[in-house]
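> With the sequences and hints as input, model every part of the structure.
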Amino acid sequence: FSSIHPFTYTPDQEQAGVEAYHRELADLGGRFDIVLVGCGEDGHIAAIFPGYHEPESDTEDFLLVRDAPKPPAGRMTASIRLLLRAQVGVGLFFGAEKRNALCRLFDESIPVQDCPAKILRLLPQHYIITDQEGCP
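According to our numbering, the stretch in the sequence shown is residues 2 to 137, in order.
Bear in mind the hints are in silico, worked out from the structure with no lab data behind them.
Using N, Cα and C, we set each Cβ at its ideal position, and we do this for glycine too.
A portion of the hints provided could be inaccurate.
Claimed, not checked - Taking CB as the label site, the calculated pair distances span:
1. PRO7 / GLU109: 28 to 38 Å
2. GLU20 / GLU109: 32 to 42 Å
3. TYR53 / TYR128: 17 to 27 Å
4. PHE95 / PRO73: 16 to 26 Å
5. PRO12 / PHE95: 22 to 32 Å
6. ARG122 / TYR53: 17 to 27 Å
7. GLY30 / ASN101: 34 to 44 Å
8. ALA69 / ALA97: 18 to 28 Å
This is the structure we're talking about:
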């Protein structure tokens, strides 16, 4: 598992976790080859929630979120810019409660800001894995 790099978030040492992960990523080339993300009922991925973190953010790799709209409030996450540098994205949509988010992912009228899972569709390759039937 030397190619798998999970976040290590320690609430009492938030910035240390961000800095450690930044160094690890830099040592490995500065980008993810593949991002594997679970998608929330609202279409969020990582700690990037609808309307919460804008794609215009200046953050290049990792950021701290202290007031996420879903528990836990404190999180460390990859920035949108970092996710967009990946070559492959894989999104997981399991459970009936994720069906609306899955449909929003494929609704061309919904912008990325309102369904951050759409970031996956901007990557050179993307795959969606789900147990849900197709969307209308």
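> Determine for every hint whether it applies to the structure shown.
Evaluation of the provided hints:
1. Separated by about 33 Å at the C-beta atoms, PRO7 and GLU109 satisfy the suggested range of 28 to 38 Å.
2. Between GLU20 and GLU109, the C-beta spacing of about 39 Å keeps the proposed range 32 to 42 Å intact.
3. Taking the beta carbon of each, TYR53 and TYR128 are about 25 Å apart, inside 17 to 27 Å as hinted.
4. The supplied range of 16 to 26 Å is met by PHE95 and PRO73, whose beta-carbon atoms lie about 21 Å from each other.
5. Between PRO12 and PHE95 the CB atoms are about 28 Å apart, so this pair conforms to the stated range of 22 to 32 Å.
6. A C-beta distance of roughly 19 Å is found between ARG122 and TYR53, which places it inside the suggested range of 17 to 27 Å.
7. Here the CB-CB span from GLY30 to ASN101 is close to 36 Å, well matched to the stated 34 to 44 Å.
8. A C-beta distance of roughly 23 Å is found between ALA69 and ALA97, which places it inside the suggested range of 18 to 28 Å.
Of the numbered hints given earlier, the model fails none.
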